[in-house]
Amino acid sequence: QVHLVESGGGLVQAGGSLRLSCAASGSIYSIYSMGWYRQAPGKQRELVARISDGGTTNYAASVKGRFTISRDNAKNTAHLQMNSLKPEDTAVYYCKAEAAWGHYYWGQGTQVTVSS
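Residue 1069 is where the sequence shown starts when you use this note's numbering, and the numbers rise one by one after that.
Hints listed in this document are in silico derivations from the structure and should not be mistaken for laboratory results. Ideal Cβ placement from N, Cα and C applies to all residues, glycine included. One thing to keep in mind: the hints can contain errors.
[Unchecked claim] FRET-style restraints, in silico, Cβ to Cβ:
| no. | residue 1 | residue 2 | range |
| --- | --- | --- | --- |
| 1 | 1181 | 1128 | 24 to 32 Å |
| 2 | 1142 | 1075 | 14 to 22 Å |
| 3 | 1114 | 1083 | 18 to 26 Å |
| 4 | 1087 | 1120 | 14 to 22 Å |
| 5 | 1171 | 1081 | 32 to 40 Å |
| 6 | 1171 | 1083 | 18 to 26 Å |
| 7 | 1151 | 1115 | 17 to 25 Å |
| 8 | 1123 | 1079 | 16 to 24 Å |
With these hints in hand, go ahead and build the complete structure from the sequences.
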C-alpha cells in the first residue's frame, strides 16, 4: 500500500507560479513512476506530467515548456513546478504513483486556481 499526500496548491494570478509536492509513504519500494493529473469541473481527469524511476519525463502538450516535473527518490517525493500559469490551468491536481503488479495509487488532490 502506498499513501500519497499532495501540497502546494492555491490561488495565483495568471502568469504566476506554484510548486506542487507529493510525498509518498508505505510500500514506496514498489513505485516505478509518479505523475500529476488534473481535473477541471465538468471535464475528465487528464495527465499533466509523468516521471519514471529512471527520470524519463513526459508532458501534456498544453503544459510543455511551462511545467517541470521532478522526483527526489531519497525523500520519496515528486514535485511539479508550474510557471506562466493560465486560467485554463485551474483544476484539482492529483498525484498518482504507479507500482509493481499493476497497482496504482492516488492522492487526495490539491486545488489550483488561476485568476485572470
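Hints, one by one, checked against the model:
| no. | hint | result |
| --- | --- | --- |
| 1 | 1181 to 1128: 24 to 32 Å | violated, 19 Å |
| 2 | 1142 to 1075: 14 to 22 Å | holds, 18 Å |
| 3 | 1114 to 1083: 18 to 26 Å | holds, 22 Å |
| 4 | 1087 to 1120: 14 to 22 Å | holds, 21 Å |
| 5 | 1171 to 1081: 32 to 40 Å | holds, 39 Å |
| 6 | 1171 to 1083: 18 to 26 Å | violated, 39 Å |
| 7 | 1151 to 1115: 17 to 25 Å | holds, 19 Å |
| 8 | 1123 to 1079: 16 to 24 Å | violated, 31 Å |
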